[in-house]
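Produce the complete structure using the sequences and hints provided.
From first to last, the protein sequence lines stand for chains A and B. Counting from 2, one number per residue, gives the positions in the first sequence under this note's numbering. Counting from 117, one number per residue, gives the positions in the second sequence under this note's numbering.
These are computed hints drawn from the structure, not numbers from a lab. Since no wrong hints were added, every one of them can be taken at face value.
Restraint ranges, calculated between C-beta atoms of paired labels, are given here:
(1) A:141 with B:168: 25 to 35 Å
(2) A:47 with B:149: 36 to 46 Å
(3) B:171 with A:3: 16 to 26 Å
No experiment lies behind these values; they were computed from the predicted model shown. Don't be surprised by glycine CBs; every beta carbon is placed ideally from N, CA and C.
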Amino acid sequence: MRIDDSVRQEILGAVPGLRAFAISLCGNVDRADDLVQEALLRALANIHSFQPGTNMSAWLFTILRNHFRSEYRKRRREVEDADGHYAESLTSHPEQHGQLELTEFREALGKLPEEQREALILVGASGFSYEEAADICGCAIGTVKSRVNRARTRLAELMSIQGVDDFGPDHETRAVLIGSRRG
Amino acid sequence: MNTGKPMAHTAKAQSPDEGDKQKSPKASRLDRNTRAKLGQQLRAVYDEVVSEGVPSRFTELLNGLNNEGKQNAH
Chain A
2 MRIDDSVRQE ILGAVPGLRA FAISLCGNVD RADDLVQEAL LRALANIHSF
52 QPGTNMSAWL FTILRNHFRS EYRKRRREVE DADGHYAESL TSHPEQHGQL
102 ELTEFREALG KLPEEQREAL ILVGASGFSY EEAADICGCA IGTVKSRVNR
152 ARTRLAELMS IQGVDDFGPD HETRAVLIGS RRG
Chain B
117 MNTGKPMAHT AKAQSPDEGD KQKSPKASRL DRNTRAKLGQ QLRAVYDEVV
167 SEGVPSRFTE LLNGLNNEGK QNAH
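The structure is reproduced here in structure tokens:
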């Protein structure tokens, strides 16, 4: 199989985001990387159906999500023995900066219903528009919006945010957090 | 890929949502700051993974395909 360099670069460029999305879906880094690998193989096998000039990243996210839905969730259920396994495995992601606040956030994220979590991530972190997220999830734009809203509300509840002052890191840490996502 | 769309953007999305008939009163109680903070945390968690870049297994996968293709072509 041969692919153009430009296509290869586009695919590679989407991989970091695909991994982050995959980890949020399966809650385990190793399984997430296997999921990304299988999604890439599927994409490559169907590369002829990709229309040049359209959004490669959205196309790959769609393939990964569909593959997860059809194959991985099934497998996860087989592996999973108790409730709470997901949140636990999410927090096993290696801490890079010892950010306790992020650990807490990750736990809360892991407790969200899957559909809310994926909508929130696609729109709030992956940088997709509501329309693109709706295409990826195969649902209406309004459904994505409502899932994102409910996800935010639930997160705030889980993290017991009463007001801004109760929330998360102090100003210094926050500056680091903001700085780190530019890097 | 992160286009850095401000989360506050969504605050304008007040159109009636499908599948959320009972428009949660709690949702509207989240103020702009809370939403912004949640967005920051979300992106920090996400970008922690993104910053790891492309693991070699994936570059090898894609480069391997091309090398294979070249060998077949010659």
